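Protein chains: 2
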Amino acid sequence: MARASTTSDAFNAVAEPRRRAILSYLAGAERPVGEIVAALGLEQPSVSKHLRVLHDVGLVRMRCHGRQKLYRTNAEAIRPLHEWAGTFEHYWQHQLNRVKERAEAMVRQGSPDVKSPGPNLLNLKEKS
Amino acid sequence: MARASTTSDAFNAVAEPRRRAILSYLAGAERPVGEIVAALGLEQPSVSKHLRVLHDVGLVRMRCHGRQKLYRTNAEAIRPLHEWAGTFEHYWQHQLNRVKERAEAMVRQGSPDVKSPGPNLLNLKEKS
DNA sequence: TTGACATATTCCCATATCGGCATGTAATGT
DNA sequence: ACATTACATGCCGATATGGGAATATGTCAA
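Protein sequences appear in the order of chains P and W. So the number in my numbering is just where the residue sits in the first sequence, counting from 1, plus 60. So the number in my numbering is just where the residue sits in the second sequence, counting from 1, plus 60.
Rather than coming from a laboratory, the hints here were simulated on the basis of the structure. Hints are supplied without guarantee of correctness; some may be wrong.
Copies of the same chain look alike in the list, so a pair counts if it works inside one copy or between any two.
[To be verified] With a straight-line Cα cutoff of 25 Å, these simulated DMTMM-like cross-link-like pairs (lysine to aspartate or glutamate) come out: (1) Lys160 x Glu95; (2) Lys160 x Glu136; (3) Lys160 x Glu90; (4) Lys129 x Glu164.
Since this is a predicted model, take the numbers as computed values, not measurements.
Based on the provided sequences and hints, a complete structural model is requested.
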């Protein structure tokens, strides 16, 4: 079997850089297809196809207005992605702390060539 | 041209459900390949291939220990994903507020069949 | 050395993907 | 009715993908 279809879920849809670009461009305001084409410098059929994928997984909403179709990203559909990634936030904070503590321990044991740079070593932020 | 190679960035690597499963399983603790195979019920070559992809994009770290290799997810590499998705947090809050306000307005104008359910309508959370 | 064990790699296949080009379709203008 | 505008779709080719089976590599143990 081949890879799961790109229209199956948001994770697959978002794997495409151009689709991410479209989503970013379409956050905040409705735009007709033509503007997307102009703004991102893509071929019109290509944009239509990407919009189709995004629409199929609910990442964009569409509204007809005369002969143009106005698209807009449905930010709600990006939340699952954000939350899945957020699952690991806990761990990357741990990792940062481990690196930080190890570095501080080395300083405390007195590597002669390291002048104690103070508590918050290596510009590692506390939480973020 | 075809799809961007899966080994090119974290977005593509994470588009695979099994790879996400592996990442979740490998967060928090090192595990040898065999355990992943047993825990997730996948074929060993399949796991090895997925691990290769994940390793190539830096989503997992590897350490040799005797004849086994211990893998662990590198949570740091998931942050870009989290941050990209977080870019839209702003917008989905707006959308929620709009829906909420519209619903509350309808209630205030007194649709006869809606008994005012109180301030926080429709179980829409305030921020999260 | 020989053999068992833990992983990695290779080959093949069916399928999905994206881009480009041509064409289809629907709404508008004259 | 006809041309034009704004999109969508269909077809094609080159390539990437994931699964399965077989095989290669590397490490330890007797």
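Hint check results:
Taking the shortest alpha-carbon separations for lysine 160 and glutamate 95, neither the intra-copy value of 47 Å nor the inter-copy value of 30 Å comes in at or below 25 Å. Taking the shortest Cα distances, lysine 160 and glutamate 136 sit within 25 Å of each other only across copies (14 Å), while inside one copy they are farther apart (36 Å). For the identical chains of this complex, lysine 160 and glutamate 90 are inter-copy neighbours only, at 20 Å across copies versus 45 Å inside a copy, given an alpha-carbon limit of 25 Å. Proximity of lysine 129 to glutamate 164 under the C-alpha cut-off of 25 Å is found in neither arrangement, the shortest distances being 57 Å within a copy and 29 Å between copies.
Checked against the numbered hints listed earlier, the structure breaks hints 1, 4; every other hint is satisfied.
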